[in-house]
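Starting from the structure of chain A, add chain B where the hints point.
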Amino acid sequence: MQPYRRRFNFRFDMPLFLGLLVLCAASLLILYSAGGANADQITRQLVRIGGALTLMLLVAQISPATLARYSPIIYSLGLVLLFVVLAVGFIGKGAQRWIDLGIVRFQPSEIMKLAVPMMVAWAATRRFLPLPLWYIGVCFIIIAVPAALIGLQPDLGTALLVAFAGLVVIFLAGISWKFILAMLVLLSVSAPLVWQFVFQDYQRRRVLTLFDPWQDPLGAGYHTIQSMIAIGSGGQTGKGWLNGTQAQLDFIPERSTDFIFSVFGEEFGLLGFLVLLSIYLFLVFRGIMIAFYAQETYDRLLAGSVIMTFMFYVFVNIGMVSGILPVVGVPLPLVSYGGTSMVTLMIGFGILMSVQCEGRKLSRT
Amino acid sequence: MASLQDKPAIRDHLREAAIVQSRLVMISFLVFLLAIILIARLAYLQINQYEKFSTLANENRVDTRPIAPVRGLIYDRDGDLLATNERAYNLEILPRKVKDMDALIASIQKLIELSEEDIAHFLKLVKYRPGFERQVLRANLSEFEAAKYSAHQHELEGSYLVAALQRRYPEGELMGHVLGYVGRINDRDVKRIDKQAYGGTHYIGKLGIEEQYEDILLGEVGSKDVETNAHGRPVKTLSRTLPKRGKSLYLSLDTPLQRKAVSLLEGVEGAVVALDPKTGEILAFVSAPGYDTNPFVNGISRANYAALRESDRRPLLNRALSGRYAPGSTVKGFMGLIAMKNGISPSETIFAPGFYRLPNSRHRYRCWKKAGHGKVDLHDAIVQSCDVYFYRNAKRLGIDRLHEGMTAFGFGQLTNIDIPNEPSGLMPSREWKKRTKGISWYPGETVITGIGQGFMLATPLQLAAVTALLANRGQPIVPHFLTAVQDSVNGDFVQIEYEIPKRPENISDAAYDEVINAMRDVVHGPRGTARRIGKGLEYQIAGKTGTAQVKSIPQGQKYDKENTPKKYRDHALFIGFAPVEDPKIAVAVIVEHGGGGSKVAAPIAKEVIDYYLVERLGLYVREPEETKPANSNAAL
Numbered sequence: 449m450q451p452y453r454r455r456f457n458f459r460f461d462m463p464l465f466l467g468l469l470v471l472c473a474a475s476l477l478i479l480y481s482a483g484g485a486n487a488d489q490i491t492r493q494l495v496r497i498g499g500a501l502t503l504m505l506l507v508a509q510i511s512p513a514t515l516a517r518y519s520p521i522i523y524s525l526g527l528v529l530l531f532v533v534l535a536v537g538f539i540g541k542g543a544q545r546w547i548d549l550g551i552v553r554f555q556p557s558e559i560m561k562l563a564v565p566m567m568v569a570w571a572a573t574r575r576f577l578p579l580p581l582w583y584i585g586v587c588f589i590i591i592a593v594p595a596a597l598i599g600l601q602p603d604l605g606t607a608l609l610v611a612f613a614g615l616v617v618i619f620l621a622g623i624s625w626k627f628i629l630a631m632l633v634l635l636s637v638s639a640p641l642v643w644q645f646v647f648q649d650y651q652r653r654r655v656l657t658l659f660d661p662w663q664d665p666l667g668a669g670y671h672t673i674q675s676m677i678a679i680g681s682g683g684q685t686g687k688g689w690l691n692g693t694q695a696q697l698d699f700i701p702e703r704s705t706d707f708i709f710s711v712f713g714e715e716f717g718l719l720g721f722l723v724l725l726s727i728y729l730f731l732v733f734r735g736i737m738i739a740f741y742a743q744e745t746y747d748r749l750l751a752g753s754v755i756m757t758f759m760f761y762v763f764v765n766i767g768m769v770s771g772i773l774p775v776v777g778v779p780l781p782l783v784s785y786g787g788t789s790m791v792t793l794m795i796g797f798g799i800l801m802s803v804q805c806e807g808r809k810l811s812r813t
Numbered sequence: 002m003a004s005l006q007d008k009p010a011i012r013d014h015l016r017e018a019a020i021v022q023s024r025l026v027m028i029s030f031l032v033f034l035l036a037i038i039l040i041a042r043l044a045y046l047q048i049n050q051y052e053k054f055s056t057l058a059n060e061n062r063v064d065t066r067p068i069a070p071v072r073g074l075i076y077d078r079d080g081d082l083l084a085t086n087e088r089a090y091n092l093e094i095l096p097r098k099v100k101d102m103d104a105l106i107a108s109i110q111k112l113i114e115l116s117e118e119d120i121a122h123f124l125k126l127v128k129y130r131p132g133f134e135r136q137v138l139r140a141n142l143s144e145f146e147a148a149k150y151s152a153h154q155h156e157l158e159g160s161y162l163v164a165a166l167q168r169r170y171p172e173g174e175l176m177g178h179v180l181g182y183v184g185r186i187n188d189r190d191v192k193r194i195d196k197q198a199y200g201g202t203h204y205i206g207k208l209g210i211e212e213q214y215e216d217i218l219l220g221e222v223g224s225k226d227v228e229t230n231a232h233g234r235p236v237k238t239l240s241r242t243l244p245k246r247g248k249s250l251y252l253s254l255d256t257p258l259q260r261k262a263v264s265l266l267e268g269v270e271g272a273v274v275a276l277d278p279k280t281g282e283i284l285a286f287v288s289a290p291g292y293d294t295n296p297f298v299n300g301i302s303r304a305n306y307a308a309l310r311e312s313d314r315r316p317l318l319n320r321a322l323s324g325r326y327a328p329g330s331t332v333k334g335f336m337g338l339i340a341m342k343n344g345i346s347p348s349e350t351i352f353a354p355g356f357y358r359l360p361n362s363r364h365r366y367r368c369w370k371k372a373g374h375g376k377v378d379l380h381d382a383i384v385q386s387c388d389v390y391f392y393r394n395a396k397r398l399g400i401d402r403l404h405e406g407m408t409a410f411g412f413g414q415l416t417n418i419d420i421p422n423e424p425s426g427l428m429p430s431r432e433w434k435k436r437t438k439g440i441s442w443y444p445g446e447t448v449i450t451g452i453g454q455g456f457m458l459a460t461p462l463q464l465a466a467v468t469a470l471l472a473n474r475g476q477p478i479v480p481h482f483l484t485a486v487q488d489s490v491n492g493d494f495v496q497i498e499y500e501i502p503k504r505p506e507n508i509s510d511a512a513y514d515e516v517i518n519a520m521r522d523v524v525h526g527p528r529g530t531a532r533r534i535g536k537g538l539e540y541q542i543a544g545k546t547g548t549a550q551v552k553s554i555p556q557g558q559k560y561d562k563e564n565t566p567k568k569y570r571d572h573a574l575f576i577g578f579a580p581v582e583d584p585k586i587a588v589a590v591i592v593e594h595g596g597g598g599s600k601v602a603a604p605i606a607k608e609v610i611d612y613y614l615v616e617r618l619g620l621y622v623r624e625p626e627e628t629k630p631a632n633s634n635a636a637l
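Protein chains in written order, with our numbering: chain A, 449 to 813; chain B, 2 to 637.
None of these hints come from the bench; they were simulated from the model. A quick note: this is a predicted structure, and the numbers were derived from the prediction, not measured. Hints may contain errors.
Said to hold, decoys possible - List time: in silico DMTMM-like cross-link candidates among lysine to aspartate or glutamate, alpha-carbon distance up to 25 Å:
| no. | chain 1 | residue 1 | chain 2 | residue 2 |
| --- | --- | --- | --- | --- |
| 1 | B | K53 | A | E702 |
| 2 | B | K100 | A | D698 |
| 3 | B | K125 | B | D195 |
| 4 | B | K98 | A | E702 |
| 5 | B | K53 | A | D660 |
Just chain A, same shape as in the assembly:
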């Protein structure tokens, strides 16, 4: 052991940190408008941002190797909690996502957003890459069990994100193109069959409305339509901060949380969107770079999955409020009001910072 390794090494990534600060600032700005100039809300969000950033810096100090070591434990704990939530839900005869610990309530499914990619990455590094086919099957099971449990809650959005995070790891681990192709073929063959023979009429209708809001403009399609009106009427430069009529007059539902981008699109227009997207892309490419230059396979897999899930969040949320994806409860990362997803995301960035420093440190030696 060389002496400098004993020194406390503060793991930190300035580009990521600055990008996150800019994003959080943007979040406060738009939240102020979306929440109807509610100072209380802003204060609470500010406290959350502070807390989440602190947590991020703490997580950043944990080395990726430690994370790898604890991956199975965290994953198992998450699974147990998911079962508990589901059981409580059954007993209480109602949908249940929360576990109430008195001081804080938290969703075990949130843990899984990180625990699943960690576990899959850990499992993948038990073997040499590329993984044998049967082992990929094992990885699928690792993903499928928690995803199914979350889907049963039912929380389709989170289940989707958890599954996505795991699948990205498998993809990064070099799953063969033949396999991907085979899966795609299987999907495209089975989907029409399921549509035709498994789905009931009402289910088909519901799915259709999910994809075409204009079929039910006052019911299921209302949110999407109002959101599209808000974004579309924002035009190229937007109506200006606090001037969005759709937002200020209550036409946009959930406008502080899942639909906050509608407010943003209305008030800042296409130009504002491009700026916001640039911030996101900056963070994403910084994340991909960190994954790219990471030293360990586990680090690369986990970092790649975390950052890709982040991008997926952005895409699903904006796609959903702009009417190209069905409405599933996915917030706009780090901009939507709410603590749970922010904490998870910041922990993810903490992992990225940790990986980045590990790579830098190792390359230095």
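For chain B alone, kept in the frame of chain A given last:
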């Protein structure tokens, strides 16, 4: 594939790094792809579809709400108000704010009287006009009720006390039949009205002047653009177009004269129509009994309406306008004109026994005077109302000439008065009888048409109109109420011009003089049937009494007034105008089942004429005592 077969024992870091890194590069492309999809979508929404969504956002945001105009006022000829708008308090409810409607209504009911109709009407409104509009639960609260409600308003969430303008008719019953009323717009109205024009307006003219001149009175609807939020709540007013008040109407009605006529018909069923023969302006238009139209404005209660509808006296029937009566002897002057027009000399005399018989018939057409009038010419026949003379004339002329002549005067025709639902009277003809009854005309029917009996029917309004024609020596008029319209904005008056109808042809002035002289002698001649009313007047009235038979009396029997049930008793009629030389007023009076025209109708007509000429026009000065006017000076 090779790698799977020869499993390396040692982890090949470089190879694994290469695999993951190549996948990370692919993922970078995926990120780009996703970003481009989003950019494309946003550009599509915000550039291509900008116009569409911009419009939709504005439609969302801006709600155009109507502002109801204030309804025009109605004045009489002196400029006194007949119809006005007064501030009233309405209790309104915003259904969206009410959690338990039944409970709310119940607690309001503890404070304020709510009729079952109020509640039923309100619930219907709520059902058919959902949304964010307030609906009236009870209109026209009294000050006391309003105060009582206000004290408890905080407990009654979703209910509001709203001040609104409400139509009121200060003269009430006096003008009911003329003015009609405004009432709530009902389902039938909704189908025919222009919904835009009635935006925000809850009332529409029903019957009378209010219906006839609805377009003028209504005014023009204004509007305001209100910014509303997603719940329909107005946030602020963006712009407004003020409504234009409805124009005001000036009517020719003489309210004191109307009041006088109403008092004269007190206790009986009948009608008085008085008009200015020169212009056709209606001075009094009375149908007795009348009814107060004020309760109709907000929907009369079922019980009160039933009472009006089922009353034996039928107050809802506008007798002056649509009561159709056999005109009886009042037509004799006109029959005389037709006779002269057809070459019968007025000086030709006949011997009139108490009856008339058609050749080859045993049926006796009796005269009211059983003894007969002896030798009479046209003048005598009108003055004494000799039936036999006119039986004979009618027979000589035949129904075709009678029909043609009477129609030219306006019998059986619409007068085109300016209130709705005027029925035509009936002037029978061969063609009419064939068409409606399917049988041919009998000679006997011609005979009784000669004295205004049989099929012939006329309304009091028609009788007044033909009397005016007579007063004008042949010039017909269009009877009307409206004389001027005043613009509500600039105050400009527009006088209404009425067409001057064509005179009946081929009747000489001498013929009119002959008839008018005879009608003057009805009142002023020693043997006139209405000579009692002519005493002590400074001016002369020309008139004609009439007694319309309601039930025919079998051959050989006598009409016995005392023993005939009231509903079969004769109607009493009188038509007349005065002063004879320069007619200022023409009057038609009908008293249902009143008995003889000379005894009942003529005195009423005289009182109306006298009141108008003396009290209203001030043409003649009377001593304070009404008893001794013999030689007072006729002014003018």
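Verification of the hints:
1. Taking the CA atoms of K53 of chain B and E702 of chain A, the gap is about 23 Å. The hint holds against a cut of 25 Å.
2. The suggested pairing of K100 of chain B with D698 of chain A holds, with an alpha-carbon distance near 22 Å, which does not exceed 25 Å.
3. This hinted pair checks out: K125 of chain B and D195 of chain B have alpha carbons roughly 22 Å apart, not beyond 25 Å.
4. Note on K98 of chain B and E702 of chain A: the hinted pairing holds, with a Cα-Cα distance of about 23 Å set against a maximum of 25 Å.
5. With a C-alpha separation of about 18 Å, the suggested pairing of K53 of chain B with D660 of chain A holds against the 25 Å cut-off.
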